[in-house]
Amino acid sequence: MLNYDLVVVGGGPAGMAAALKAKENGVDSIIVLERAETLGGILEQCIHTGFGLHYFGEELSGPEYAGRFMKLLEDTDIVVKTDTMVLDVADGNVVTAVNKKDGLLKIQAKAVVLAMGCRERPRGALSIAGSRCSGIMTAGTAQKYVNIDGYMPGHEVVILGSGDIGLIMARRMTLEGAKVKMVCELMPYSGGLTRNIVQCLDDFGIPLKLSCTVVATHGKDRLEGVTIAKVDDKLQPIPGTEEYVPCDTLMLSVGLIPENELSKNSGLELDRITNGPKVDEYRETEHAGVFACGNVLQVHDLVDYVTEESQIAGLGAAKYIKGEKVTGECVYTQGINGVRYIVPQRINRETDADVKLYFRVGAVYNNAKIIVECDGKEILSKKKKKLCPGEMEYVTLKQSVIAELPAEAVINVRVEA
Amino acid sequence: MEKRELVCVACPLGCPITVTFDADGNVDTVTGNTCKRGDAYARTEVTNPTRMLTTTVKVVGGSAYVVPVKSANPIPKGMMMECMKVINEASIKAPVNIGDVVIENILGTGVDTVATNYAE
Numbered sequence: 001m002l003n004y005d006l007v008v009v010g011g012g013p014a015g016m017a018a019a020l021k022a023k024e025n026g027v028d029s030i031i032v033l034e035r036a037e038t039l040g041g042i043l044e045q046c047i048h049t050g051f052g053l054h055y056f057g058e059e060l061s062g063p064e065y066a067g068r069f070m071k072l073l074e075d076t077d078i079v080v081k082t083d084t085m086v087l088d089v090a091d092g093n094v095v096t097a098v099n100k101k102d103g104l105l106k107i108q109a110k111a112v113v114l115a116m117g118c119r120e121r122p123r124g125a126l127s128i129a130g131s132r133c134s135g136i137m138t139a140g141t142a143q144k145y146v147n148i149d150g151y152m153p154g155h156e157v158v159i160l161g162s163g164d165i166g167l168i169m170a171r172r173m174t175l176e177g178a179k180v181k182m183v184c185e186l187m188p189y190s191g192g193l194t195r196n197i198v199q200c201l202d203d204f205g206i207p208l209k210l211s212c213t214v215v216a217t218h219g220k221d222r223l224e225g226v227t228i229a230k231v232d233d234k235l236q237p238i239p240g241t242e243e244y245v246p247c248d249t250l251m252l253s254v255g256l257i258p259e260n261e262l263s264k265n266s267g268l269e270l271d272r273i274t275n276g277p278k279v280d281e282y283r284e285t286e287h288a289g290v291f292a293c294g295n296v297l298q299v300h301d302l303v304d305y306v307t308e309e310s311q312i313a314g315l316g317a318a319k320y321i322k323g324e325k326v327t328g329e330c331v332y333t334q335g336i337n338g339v340r341y342i343v344p345q346r347i348n349r350e351t352d353a354d355v356k357l358y359f360r361v362g363a364v365y366n367n368a369k370i371i372v373e374c375d376g377k378e379i380l381s382k383k384k385k386k387l388c389p390g391e392m393e394y395v396t397l398k399q400s401v402i403a404e405l406p407a408e409a410v411i412n413v414r415v416e417a
Numbered sequence: 418m419e420k421r422e423l424v425c426v427a428c429p430l431g432c433p434i435t436v437t438f439d440a441d442g443n444v445d446t447v448t449g450n451t452c453k454r455g456d457a458y459a460r461t462e463v464t465n466p467t468r469m470l471t472t473t474v475k476v477v478g479g480s481a482y483v484v485p486v487k488s489a490n491p492i493p494k495g496m497m498m499e500c501m502k503v504i505n506e507a508s509i510k511a512p513v514n515i516g517d518v519v520i521e522n523i524l525g526t527g528v529d530t531v532a533t534n535y536a537e
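Protein chains in written order, with our numbering: chain V, 1 to 417; chain B, 418 to 537.
These aren't lab readings, by the way, just hints derived from the structure by calculation.
Be a bit skeptical, because a hint or two may be false.
[Unchecked claim] Chain V residues, not near chain B, derived (Cβ > 12 Å throughout):
| id | residue |
| --- | --- |
| 1 | C46 |
| 2 | N93 |
| 3 | K106 |
| 4 | N147 |
| 5 | R171 |
| 6 | E176 |
| 7 | N196 |
| 8 | K385 |
| 9 | K386 |
[Claimed, not checked] For each label pair, taking beta carbons as the anchor points, the in silico distance ranges come out as:
| id | chain 1 | residue 1 | chain 2 | residue 2 | range |
| --- | --- | --- | --- | --- | --- |
| 10 | B | T461 | V | Y394 | 22 to 32 Å |
| 11 | V | D203 | B | K475 | 34 to 44 Å |
| 12 | V | D203 | B | G516 | 38 to 48 Å |
| 13 | B | S480 | V | P188 | 22 to 32 Å |
| 14 | V | A36 | B | T464 | 26 to 36 Å |
| 15 | B | M501 | V | V410 | 49 to 59 Å |
[Unchecked claim] The calculated lysine-lysine pairs, modelled on DSS-like cross-linking and capped at a C-alpha distance of 25 Å, are:
| id | chain 1 | residue 1 | chain 2 | residue 2 |
| --- | --- | --- | --- | --- |
| 16 | B | K494 | B | K453 |
| 17 | V | K81 | V | K71 |
| 18 | V | K319 | V | K209 |
| 19 | B | K453 | V | K179 |
| 20 | V | K110 | V | K322 |
| 21 | V | K144 | B | K453 |
| 22 | V | K278 | V | K319 |
| 23 | V | K264 | V | K234 |
| 24 | V | K106 | V | K144 |
| 25 | V | K384 | V | K356 |
| 26 | B | K453 | V | K181 |
| 27 | V | K179 | B | K494 |
| 28 | V | K369 | V | K383 |
| 29 | V | K319 | V | K384 |
| 30 | B | K502 | V | K385 |
| 31 | V | K356 | V | K369 |
| 32 | V | K179 | V | K71 |
| 33 | B | K453 | V | K384 |
| 34 | V | K181 | V | K220 |
| 35 | V | K385 | V | K110 |
| 36 | B | K510 | V | K179 |
| 37 | B | K453 | V | K71 |
| 38 | B | K494 | V | K383 |
| 39 | V | K106 | V | K356 |
| 40 | V | K234 | V | K220 |
Every residue gets a Cβ at the ideal spot worked out from N, C-alpha and C, and that includes glycine.
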């Protein structure tokens, strides 16, 4: 059995930031375990720029953003094992992993940071009628084919779902000479960032069809076309609006799912909305010493926010290891009336800093107010010109305000339109 | 009077902006923006729209197939497809480092094309 103070599961932006922050805060022995051959996670295939605008004040590509953290890691004594698959995080924080060189590894950790990221919702989750011909893939898979493996997966493309990866791939495929016919979005609004709609679709004249979905795929060996249809306000296809669109490729950008198999196997209960573990203000899960951060906790829009959250978790893990982390009575958070969820789900009343509550709304609102209440009393409110499901929002609770709340109290966050 | 409708991309608000032009084709008014950055964005966007170009370049003599590259600065929007042609005909010898210049001054834009990842 190996012994480390901190084991970080996942070497993407979340894992790297958490490990570095823990090191900065005096944790002696840290090991990062990464499944892929290199650190960097999904950033390695995100070659477009726009990363780091908040954190570095620069517009970097994904590999450049990851590269900065890899450099910082190299200058520390943090141990990194790539090509290493974590199999289990057991009670008492024993981590089991396997790789070709070391075989089976058992590591006794004082604390663990879960930073496994997320994966794309696959075709199987959509129940689209049609045969299992080639040419249907998630946008992220197509991104890997083009940006890492260096080949084009198709020439005439329809994209279902207007998530950011889908929008980015619409531009990428167009630049490489493919014809992107349209992006269909089931909802009446896009799930992607506005700047991606402008720079990836409008720039190239690619139509975005809202309230529209793919109802059937056609083709035996290779995709030959799809049938699209408009949907009603219950998101059901409207008969008579079907339209056949010839294409050889259908890309899916229909949402991301936190990759929580390890968390679930270790007995952690997941938040029904975020599909991530429930955490406190330092991102400590319901298991003592097990922290979670990045897209495994909640799907983020910007890697900059992943870094910020992971630094909170890294700091939390450092405090836990040194026996300085506050525990005790908690208050709980809850999103209501248009606010879908809150991270963190609980806050230690005697916490040592202000706490940001992160959330998403369930619809588009203009000139709305975010109201935070406890026991029917308003704690704070914040005016917002625009709120949309595609952009994560936050409000900051002062440490002094939290300290005055009764134990077990529920903090409600809601939208007032 | 000519006018153009834009969506500002300076921040997540995405303000709808209307730009009007005078008889000489110069920007007359910018309306709809809610901050100075929106005004600046709209003026650049209607006079000389520029974009960052990101793509990949073939790697020879290494284990990687391609390495990602970007324009070191934004290039004129209208030249993106032409630049893509030049980049797709180029190749770079491994090993490649972040920041290595792959193509100097692409198509006379004054902007270099640089690698954004390592390749062995």
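Right, here's what the structure says about each hint:
no. : hint                          : result
1   : C46                           : violated, 9 Å
2   : N93                           : holds, 34 Å
3   : K106                          : holds, 32 Å
4   : N147                          : violated, 6 Å
5   : R171                          : violated, 9 Å
6   : E176                          : violated, 7 Å
7   : N196                          : violated, 9 Å
8   : K385                          : violated, 6 Å
9   : K386                          : violated, 5 Å
10  : T461(B) / Y394(V): 22 to 32 Å : holds, 30 Å
11  : D203(V) / K475(B): 34 to 44 Å : violated, 25 Å
12  : D203(V) / G516(B): 38 to 48 Å : violated, 27 Å
13  : S480(B) / P188(V): 22 to 32 Å : violated, 46 Å
14  : A36(V) / T464(B): 26 to 36 Å  : violated, 44 Å
15  : M501(B) / V410(V): 49 to 59 Å : holds, 54 Å
16  : K494(B) / K453(B)             : holds, 23 Å
17  : K81(V) / K71(V)               : holds, 15 Å
18  : K319(V) / K209(V)             : violated, 49 Å
19  : K453(B) / K179(V)             : violated, 37 Å
20  : K110(V) / K322(V)             : holds, 10 Å
21  : K144(V) / K453(B)             : violated, 39 Å
22  : K278(V) / K319(V)             : holds, 19 Å
23  : K264(V) / K234(V)             : violated, 32 Å
24  : K106(V) / K144(V)             : violated, 32 Å
25  : K384(V) / K356(V)             : holds, 16 Å
26  : K453(B) / K181(V)             : violated, 36 Å
27  : K179(V) / K494(B)             : holds, 18 Å
28  : K369(V) / K383(V)             : holds, 4 Å
29  : K319(V) / K384(V)             : violated, 35 Å
30  : K502(B) / K385(V)             : violated, 42 Å
31  : K356(V) / K369(V)             : holds, 17 Å
32  : K179(V) / K71(V)              : violated, 39 Å
33  : K453(B) / K384(V)             : holds, 19 Å
34  : K181(V) / K220(V)             : holds, 21 Å
35  : K385(V) / K110(V)             : violated, 45 Å
36  : K510(B) / K179(V)             : violated, 31 Å
37  : K453(B) / K71(V)              : violated, 37 Å
38  : K494(B) / K383(V)             : violated, 36 Å
39  : K106(V) / K356(V)             : violated, 36 Å
40  : K234(V) / K220(V)             : violated, 31 Å
Checked against the numbered hints given earlier, the structure breaks hints 1, 4, 5, 6, 7, 8, 9, 11, 12, 13, 14, 18, 19, 21, 23, 24, 26, 29, 30, 32, 35, 36, 37, 38, 39, 40 and satisfies all the rest.
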